[in-house]
Amino acid sequence: MTSLNEEVFPEQASDIPVRTVTITVNGEKRSANVEPRLLLAHLLRQGFKMTGTHTGCDTTNCGACTVLFDGKPIKSCTMLAVQADGHDVMTIEGLASASELHPIQEGFKDEHGLQCGFCTPGMMLTAKALLDVNPNPTEDEIRWALSGNLCRCTGYQNIVKSVLWAAVKLRGQAAN
Amino acid sequence: MSLDEIKIGGMGASRRRVEDNRFIRGKGNYIDDIVLPGMLHMEILRSPFAHARIKSIDTSKAWGIPGVRLVMTGEMMASRNLAWMPTLSYDTQAVLATDKVRFQGQEVACVIADDAYIAKDGCEAIVVEYEPLPVIVNPLQAMAPGAPLIRDDKENQHDNVVFDWEVGDKSGTERAFAQADVVSKLDLHYPRSHPSPMETCGSIADFDRATSKLTVYMTSQAPHIIRAAVAMVAELPEHMIRIVSPDLGGGFGNKVPVYPGYVASILASILLERPVKWIEDKTGNLISTGFARDVYLRGEMALRKDGKILGIRMHTDSDHGAFFSDAQPSKFKIGLMHSAFACYDIPVAHLTARGVYTNKAPGGVAYRCSFRVTEAMFFQERMVQAAADDLDMDQAEFRRINFVGDDDFPHRTAFGFLTDSGQYGKCLDVGLEAIGYKDFLKQKEEAKKRGRLLGIGISTMTEPLGAGNSREYDILGIKMFDSAELRVHMTGKAILRTGAKSQGQGHETTWAQIVAHELGIPADDITVEEGDTDTAPFGMGTYASRSTPVAGAAIAMVSRKIRAKARKLAAHLLEVSEEDVEWELGRFYVRSSPDRGVTIQECAMAAYTNMPDGMEPGLENNAYYDPPNLTWPFACYIATVEVDPQTGVWDVLNVVAVDDCGVRINPMIVEGQIMGGLTEAYAMASMQFITFDEEGNCIGSNYMDYLLPTAWETPGFELHEVVTPCPHHPIGAKGIGECATVGGPAAFVNAVMDALKGTGVRNIDMPLLSDRVYEALTKRRDVSGMPPMRTDDV
Ligand code: FES
Ligand code: FES
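Residue numbers (the working numbering), protein chains in the order written: chain U, 39 to 214; chain F, 291 to 1084.
So here's chain F without its partners, still in its complex pose (with noise of 0.2 angstroms):
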């Protein structure tokens, strides 16, 4: 009889986190845990300012304390051609400032000392001398004829933009809108936000002058990227360089790029020839590290009466900050922008991107999605509604005519991507039946005869996930492929290696059900590994809600070559010819007697003990899994507010969201992650978000500014799913980590929205915060999001 997959962990089960037995005993192993010995701590000195000339830099008092051991400077680094690195956008970054600051918080010298308390006074010891410059904090201001140049180190760099990109039929767009009866215009702010885990970055680099072996124990989501970097900044064979990345204290994109601190503390380590420690503060995690979104959209939408939408335009302005260190694929400039409007059926768009210098944090990294489609399914969002608003039709049904009808697959969108699988208008259906959609359209009639405001918000989206395919997905030419290693012992119990990394996701627990699921072995009997360069295959980490598409297809396929060596296995015990035998979960038998069967793990004890004439002994093997296309799930979220208009407060009455992310490999583990999506995008449609002054300071540089939703504030949620596997993919999955991030903030906004409706008031930019709403409500005007900006400068 065959096993109940349930019960052995497989596909579907709902099992309880493996890593969890750790977590809830305080036994995690995070990077500020891990103590070696002789281990010094390094810290950063950060500049004040966001864009100065730096004249002079002292050090003698640093030197000067007791237990400090090295002070670096930006010219020490040049001295060693390190004072430079290059990004994941082929860019160069400062790792230690050496002629002038570009923005607040900028990395200017590192003190290692005995202990971090000793390398902090090293900091406060030494005296910079800064001649401020003036500074640029919004893409008008960069883009002003005149404007001071912010990348005066850069040879051919004559103005602050750092790239002019388009996509998409220019002629046939002006055609489709020359045709519109009605012309939809929306201009946004998706604003500046930062992934803020709750865990900062930071890493121990240890080189070991014996054997010229350098470990790096790093805060890092794609920890063999890293190995290839560090063997080229520094200059290292690539096989005396290991990168261990521990538990991760949540990541959302924060912790893909490549920091100053890292480089900084390898050198460190070298010079001084002891472990190194940087493990960084909240501040410096929030005015340093990769930051994300911060672009201004003007959007058009060219509509017939009927609702039809005929053609896009879109033109983004982003902000990337002093460094363009976006980490995506090399191809596309601004990410996958162009994977707006995917889900629905449009003859023709156009989309122009320009990115530009600012002094701001450097980044552009893509906080919990693929690549900037956050960005790309907000606009398109709030686009859909604004578009609905202006032909005066139900939301609802707007979206309807549009969608992508469930036989239209596969389907080329109007910007080139290949959509592949879904079924919309059941999504939508769910999700509007789970609302109560007609009673609450009613409620709100009601309710605004008596002076209260009540909107609801929906966004449906498809978004894609798990780059590649290697032909179009690269990071610095590296094509972005996933690994997986599988060793099964001799008792049938095994281990798993991935080139995927986990910051909470649950590896551990999900990666172990798809080998169960592909070969019977129970979950519980199989270990999983990630993170280790020295023992994992390469592979290209975890984030874009990779992992599933790309890294847990590559476990499917190392088990189905498992499955295929222990079919000669079995034939071999069963003394039948391989064409007899037959697999069900966890056995083979021979086809014309059922009762007659061997067990997996028969046959990985016959792998090691008994194994057929001229057989390779054991029972393991590894996949490089190059997916086909990307994955594209499909979601509706939908919200419904109520706005108080004496005050611009508006709090969520309830949340629905429908997702499907086709097979689910454990429904529990895929619940939490939308429910922490959602979190996400409530945060970016309420409160987070980081904003700079005229003079460049960082408004955001603490939990105090930069607001995360408490379990007070936190709506609660009810979840649907629809279920269309992915048809490419070998198990059916979708991925899901980030389709409530990047589709949740529209449901909110266009909720709040239309509250508003009739008020003549068709935007404010998110945050929506109350001071906004009421601003909006009592002038009866759009609320921008820019960043203020001196006058004298422009």
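In isolation and in its complexed conformation, chain U is listed as follows (with noise of 0.2 angstroms):
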């Protein structure tokens, strides 16, 4: 068990109230005590350890945080780690497996589709949500769907390509 008290807030005082929470994170049950102000973020990246979980800007507007919450894009920065107990969270760390890119990530390097690459965990998972439910979006569809993420490199041109590329290989993977 993960226990963000123990690992994040070693020399803490005991009064301070915590929570239990167990996340399902990746495919994988994980437990952590909180303290109910903690942010979903903080939890993935300190106490989970998995920093693709980016934060730009803390307050709902840049998307780096995006994760997937039942399969839905959120932003991590402002959702409360309590809030996420008993659900479903996919961050950049499950797209792919040890051996092998997903698509959404085989398009993005194909593409060029990041630079600094700060933006592009969210972009991705943001992605994988619009072709999960539209496996062939149109250009518009793609920008309107990625439109609560910030990216301040690539001017989303090929960020669009990418996700395209993307969608082409998941139809045949879909098709075969």
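You may find that some hints are simply not true.
Derived pair list, reagent style DSS-like, types lysine-lysine, alpha-carbon separation capped at 30 angstroms [claimed, not checked]: (1) K769(F) / K147(U); (2) K728(F) / K739(F); (3) K67(U) / K739(F); (4) K147(U) / K317(F).
To be clear, the hints were calculated from the coordinates, so they are not data collected in a lab.
Join the two chains, each given in its own frame, into one complex according to the hints.
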């Protein structure tokens, strides 16, 4: 069990209230004792040591912290860890298996859909949520779906291409 | 047979990026991902006032919070002589405020605690008593007689003027204006903006008492400059300082300066003997770290009736905030503003520039540009369009008449720069062709009859990149060269280290391609490492598009040194004299019998196993490169727009970019840089700015007020290229990272102004928000972007 209380607040006074939360992260049940005010993004990053979820703004604007919450993209910087109790969370670490990349990851690499990489995990998870419900999106549908995720480097054109690339490959896989 | 350069990932290959392998898996190593044993967390308490005297600071409640380890104030910093630090422009900046606060968001105190939440609690528990003072938010107020003195901490500073500077030929320019048929005038404001990389700034200072070594992980685009600065400010021996710049989530100039948070975390770590992490929040980043632009222009152009420009007069008033902390060459007070008009053949010009202090965040950083060239090129291209309109000339034709011709290089500009190459007319032609210029003009006339407002905007410019040369360019006296170190291992694999520092530009990919080009070692066999001052050779870092022009050149040069030694090894292996050895990519062979040859890998093996008598073993070297001149890429950006006369909303129809950045190392990455730059250009033209109210409150302190375009608003881009190799760069490259940010904004603004042509509106200051456009259309007058001010203070 990962206890955030032990790992992140090593010398903290004992009178701070904590709650135990249990979350399915990338298919694996994880528990932690957390302060009620702890944000989900911080539990994932510091408690569960999954640093692929980034925090860019803390104010629900940039989407760098996007994770899939019961399959839907949410901004984990604005959700309390306790709100995630009993739910299913997917982070970027859960997108690929150890040996194989997800087509979205391949698409981002092949179409140069990233530069500094800071927005990339959030972008890819938002793209996954789109492709899960719409396997054949138009460029406009992709742009609209990604409009909650800011990228300062790429100008989005290659991100759109990356998602289209992934959509083609995923459709091919589904057909087989 | 010679190797296929594209196959080995050499020059011209759109090689997929090496760094992506970790980024797409969420395995990047950004500052906030680094965790050290026993690490504490620091938060900063910032001033809510833009100008106020600090009457008292009570930290007792903060000390009482369980988990709080240290509370630092300006007084405490002062007792260690660290309350003030030098800036990169020979000014001083407060680390933690002592006497008064001079801008909203200024650092007042720091709390170090077991975690960031407790540190924030600690900040909230500090009670500061302020006595508000009158606030200055623009240059007019700053220069008004009797204006309150912002920098009363400085001896001999009796007003709010930072500098008065001039360049060019004043009397010659006066004569040119006396002979002019027409004088075209335009006043402009380039609004305050912020580079705002997605990742904010941060540091982890780790002082080890046992070894006396200070390691600082830090978001820095220029780690070696930071090491030198820390050595001087903290008076620590330089060899005991190690700066490590990990993966950076973007930089764009924001991560060049030294910020108070870095210094405070270092002192905290020394005092507590534990690692101290500081991660800035977004608001802290936007309101306190290096802003950009904020320059007012008075521009005049002397013209002959036939369209020839006879002379240019420019005056700029720049707002530097409370501390002059621009990162720029020490010789040039307003950066390279005088690079304006470099692509035009203009006999004479004169620029005067005044910088002032205001109660705003310090900075003037080069946001995705070389030191104010963004302002220079924007002013230039807006003035060019206004002049063409004043003469009633076609805007493309007006540019063509005044361009420096292809055969006129090298060309000395009116302000004294030496441009060396370009095909300006050709770039313009490619752009006009791509956008369908003639058709669009017809379409525009047709649309006008039906009450629709279409416009087309052109921006053409050559900008100086790649500072130095070291004769003219230094920062704090450190000459602007760069470096590379290459070690070829026994089996022909290699590691390359440079003094540059990628922030998303893909150095790990492209640098290896230069080595592959020079040595024929496949790019996949080369590791590239940057950012650790203990291992990387001294360099000036990555900004001002200087990495390819300077570090890239150093990489080519060090590769050639390696090749020179490998040639000796080849001669030894082939048992011929060195003169009889020829080179083709990846292989030396005997001139008289080309079948007899050895590969570069075989030479590498010999360097460790079978060197000739008397030869020093090993195959490694380094190179420091001091460029003979700046590089001068050229660009032509064209945008078409439609303005809705009912609302002032404008939509981009098409964008065409023609870039001549010389030889392209990795075309895919070059195009990525251009599209990113165009997006920031569109951002500035349409929505992105930081302004202030009369009280000095920053409007733009978060992404709800400081608007960055999303995928939805951002237009699509069509890219074209022209290649004029740089005559003095070893591989003919010129640099590209910033061209579109620099040249792009004027294309969008010119397009909207073109749509408004005939309405009597000459200028709307950026960003062209729909309410500004609407105001201009309905009131038929220009709209200024100067922040409001309290009339009772002026
Ligand atoms: S960090 Fe969550 S939206 Fe920006
Ligand atoms: S790749 Fe840098 S923010 Fe998107």
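Structure-based check of all given hints:
1. K769(F) / K147(U): violated (37 angstroms)
2. K728(F) / K739(F): holds (18 angstroms)
3. K67(U) / K739(F): violated (67 angstroms)
4. K147(U) / K317(F): This hinted pair holds, its Cα atoms lying about 14 angstroms apart.
Of the numbered hints given earlier, the model fails hints 1 and 3; all others are met.
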